[in-house]
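Novice: Sequence:
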Amino acid sequence: MRNLQIEVRQVRNSALSQSALGAQGGVTLQPGRSGANVNITAQDNQRNDSRDLVQRVLVLNGRNVNINLGNSQPLRLVQARQATTVFIDANSGFSARPLWSGGDSVELELAAGQASRSGASPAAPLSSSSVSTSLSVRLGEWVTVAESDDASAGSSNGITDSRQSTRRDGLRVEVRLSVR
Numbered sequence: 213m214r215n216l217q218i219e220v221r222q223v224r225n226s227a228l229s230q231s232a233l234g235a236q237g238g239v240t241l242q243p244g245r246s247g248a249n250v251n252i253t254a255q256d257n258q259r260n261d262s263r264d265l266v267q268r269v270l271v272l273n274g275r276n277v278n279i280n281l282g283n284s285q286p287l288r289l290v291q292a293r294q295a296t297t298v299f300i301d302a303n304s305g306f307s308a309r310p311l312w313s314g315g316d317s318v319e320l321e322l323a324a325g326q327a328s329r330s331g332a333s334p335a336a337p338l339s340s341s342s343v344s345t346s347l348s349v350r351l352g353e354w355v356t357v358a359e360s361d362d363a364s365a366g367s368s369n370g371i372t373d374s375r376q377s378t379r380r381d382g383l384r385v386e387v388r389l390s391v392r
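The sequence shown begins at 213 in our numbering and counts up one residue at a time.
In case anyone wonders, no lab produced these hints; they're calculated from the structure.
Incorrect hints may appear among the rest.
Computed Cβ-Cβ distance ranges for the label pairs, DEER-style [stated by the list, open to error]:
no.	residue 1	residue 2	range
1	Q376	S348	42 to 50 Å
2	S344	A235	53 to 61 Å
3	V266	Q230	30 to 38 Å
4	N251	S226	30 to 38 Å
5	R375	R350	45 to 53 Å
6	S344	Q376	39 to 47 Å
7	T378	V269	36 to 44 Å
8	M213	D316	43 to 51 Å
9	L228	D373	18 to 26 Å
10	E321	T378	36 to 44 Å
11	Q285	E219	16 to 24 Å
12	E359	T240	54 to 62 Å
For each residue, glycine too, the CB sits at the ideal point set by N, CA and C.
Working from the sequences, and respecting the hints, build out all of it.
Specialist: Written out as structure tokens, the structure is:
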């Protein structure tokens, strides 16, 4: 049996865009001294932020290893052989089982489970569900296995001003395998 190293990279991207437009003015009407002034302001701010967190774990070929992602953001487990995605609780993480029979690719089985109470009481029974997928991963290449994309937008309009704000947060979980 050979050891395989599984690297898990969490790539977090955040983008914030804000814009504002406003106008102020005044009119003076006096005999012999009339006038007007107008002040128009425009503002546009954009900020992008990206952070990576990498975990490494050694596992024997064909054995399971549990990987906890350490956050509570829900993720969609990317299905390699289907076009659909399912939601998993990232706080519970996932298990990985690499199957390498030589060559330049590894069959990677991923499973994620979550438990929830069927009522508000702490004594309410737990119900659990799990989802699994299997994909072929080339040794040394990063492959996306789960992702999340949250967006929010807001705006306000007044008589003399307008403001807009958009925020987008994304998390992508990638794995890379190597033989040790």
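Novice: Would you mind marking each hint as holding or not holding in the structure?
Specialist: A quick look at each hint next to the structure:
| no. | hint | verdict |
| --- | --- | --- |
| 1 | Q376 - S348: 42 to 50 Å | 44 Å, holds |
| 2 | S344 - A235: 53 to 61 Å | 58 Å, holds |
| 3 | V266 - Q230: 30 to 38 Å | 32 Å, holds |
| 4 | N251 - S226: 30 to 38 Å | 33 Å, holds |
| 5 | R375 - R350: 45 to 53 Å | 47 Å, holds |
| 6 | S344 - Q376: 39 to 47 Å | 42 Å, holds |
| 7 | T378 - V269: 36 to 44 Å | 37 Å, holds |
| 8 | M213 - D316: 43 to 51 Å | 19 Å, violated |
| 9 | L228 - D373: 18 to 26 Å | 20 Å, holds |
| 10 | E321 - T378: 36 to 44 Å | 38 Å, holds |
| 11 | Q285 - E219: 16 to 24 Å | 20 Å, holds |
| 12 | E359 - T240: 54 to 62 Å | 59 Å, holds |
Violated hint: 8 only; the structure is consistent with all others.
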